[in-house]
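As they're listed, the protein sequences go chains U and S.
Position 171 of the first sequence, counting from 1, maps to 171 under my numbering, and the rest follow consecutively.
Position 19 of the second sequence, counting from 1, maps to 1019 under my numbering, and the rest follow consecutively.
Where hints are given, some of them may not hold.
List of simulated lysine-lysine pairs, DSS-like, C-alpha gap at most 25 Å [said to hold, decoys possible]:
1. S:Lys-1031 / U:Lys-108
2. U:Lys-68 / S:Lys-1052
3. U:Lys-126 / S:Lys-1011
4. U:Lys-126 / S:Lys-1052
5. S:Lys-1051 / U:Lys-126
6. U:Lys-108 / S:Lys-1051
7. U:Lys-108 / S:Lys-1050
8. U:Lys-126 / U:Lys-91
9. S:Lys-1011 / U:Lys-110
Derived from the structure by calculation, the hints contain no laboratory data.
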Amino acid sequence: MLKQSASFVLASLRGSTYRSVRLVSSLAAALLDGLFEHPAGHLLVGCGSRELRGKKMSTQQPAGDDAKFVRVQREDFSVDAEINRVRGRSKRIGGIAIFLGTARDRSKGKDVDSITFEHYEGMAQKKLREIRERALKDFDIIEVAILHRYGEIGIGENIVLIVVGAEHRAEAFRACTWAIDELKQITPIWKLEHTPEGEVWVEEHP
Amino acid sequence: MVTVQLFGMTKSLAGNQYSLALAMVNGQRVKDLVELLDAGYPAIGELIHKKKVLVSVNQEIAHEETEIRDGDEVALLPPFAGGTSAGC
Chain U
1 MLKQSASFVL ASLRGSTYRS VRLVSSLAAA LLDGLFEHPA GHLLVGCGSR
51 ELRGKKMSTQ QPAGDDAKFV RVQREDFSVD AEINRVRGRS KRIGGIAIFL
101 GTARDRSKGK DVDSITFEHY EGMAQKKLRE IRERALKDFD IIEVAILHRY
151 GEIGIGENIV LIVVGAEHRA EAFRACTWAI DELKQITPIW KLEHTPEGEV
201 WVEEHP
Chain S
1001 MVTVQLFGMT KSLAGNQYSL ALAMVNGQRV KDLVELLDAG YPAIGELIHK
1051 KKVLVSVNQE IAHEETEIRD GDEVALLPPF AGGTSAGC
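Work the whole structure out from these sequences, hints included.
Following this line, the structure appears as structure tokens:
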């Protein structure tokens, strides 16, 4: 069985290793983005259906939302910044579930020195956007961010992050589990493990 | 002529090429492409027959009857890194 090192961190709003100044600036950016991205949503003041209306619009959201909440990137990401980006979407969010996948030093009983991820540019982003849209449509959640890194990733480093914000935890957990499972099934991303014995494309999945 | 993008192990199987230029005419189908691969790159062809490698056309998984037209984006997709839901 292929086991990728991972930390399942639930509603992890504490335990940051990042500097607070960075967190504050990301939060400010998220709030500013919120002001500019969803004018229709912000017109619905004091109305319980605000988030629901936002959800119905999810499949027609401007490209800007996809670019913020769905990213395939070489550089590392800040878990705190991404949590705050999701949290900044709505004051109705009462639970945030996250999945963070990290690079493990063992695979099928063999040592791994580092991992290189390759992706199909364009299709990978398209599949992640589909996952976000389906999650917003099929679960009672308010926002979901999906990030995946590519390039060479050292042991212990971040690989993939799912952040789900919902009113209540149960749907946040459900959507988070579904999103990472779906990502692994349909997203064209490949893993090359660098081991003491050489390089191996991970291709078998029992 | 169609350019087929290669990813993961299919690059190694094609002699470390990032893409293949295959002689196809407008409107031929994925099964015709697989025939060309069987002839030129039998190891890749075999993996397609075993459904370990998928063919995509315009960033969607194709089947053997899918038409390939001029300008279409064609790629060979080996098994994704995530695999099964038990992967992580």
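For the pair supplied as a hint, Lys-1051 of chain S and Lys-126 of chain U, confirm whether the alpha-carbon distance does not exceed 25 Å. Between Lys-1051 of chain S and Lys-126 of chain U the Cα gap is close to 22 Å, so the pair holds against 25 Å.
Can you confirm whether the C-alpha distance between Lys-108 of chain U and Lys-1051 of chain S stays at or below 25 Å? The given pair, whose Cα atoms are some 23 Å apart, holds under the 25 Å limit.
Do the alpha carbons of Lys-68 of chain U and Lys-1052 of chain S lie within 25 Å of each other, as the hint requires? violated (33 Å)
Need the status of pair Lys-1011 of chain S, Lys-110 of chain U: alpha-carbon distance at most 25 Å? Measuring from Cα to Cα gives roughly 24 Å; hence the hint holds.
Run the distance test for Lys-108 of chain U versus Lys-1050 of chain S: straight-line Cα separation, threshold 25 Å. holds (23 Å)
Just to be careful, I want the Cα atoms of Lys-126 of chain U and Lys-1011 of chain S compared with a cutoff of 25 Å; is the pair within it? holds (23 Å)
Given the hinted pair Lys-1031 of chain S and Lys-108 of chain U, is their alpha-carbon gap at most 25 Å? violated (35 Å)
Pair hint outcome, Lys-126 of chain U versus Lys-1052 of chain S [Cα-Cα no greater than 25 Å]: holds (22 Å)
Can you confirm whether the C-alpha distance between Lys-126 of chain U and Lys-91 of chain U stays at or below 25 Å? violated (29 Å)
Violated hints for the displayed structure, listed by number in ascending order: 1, 2 and 8.
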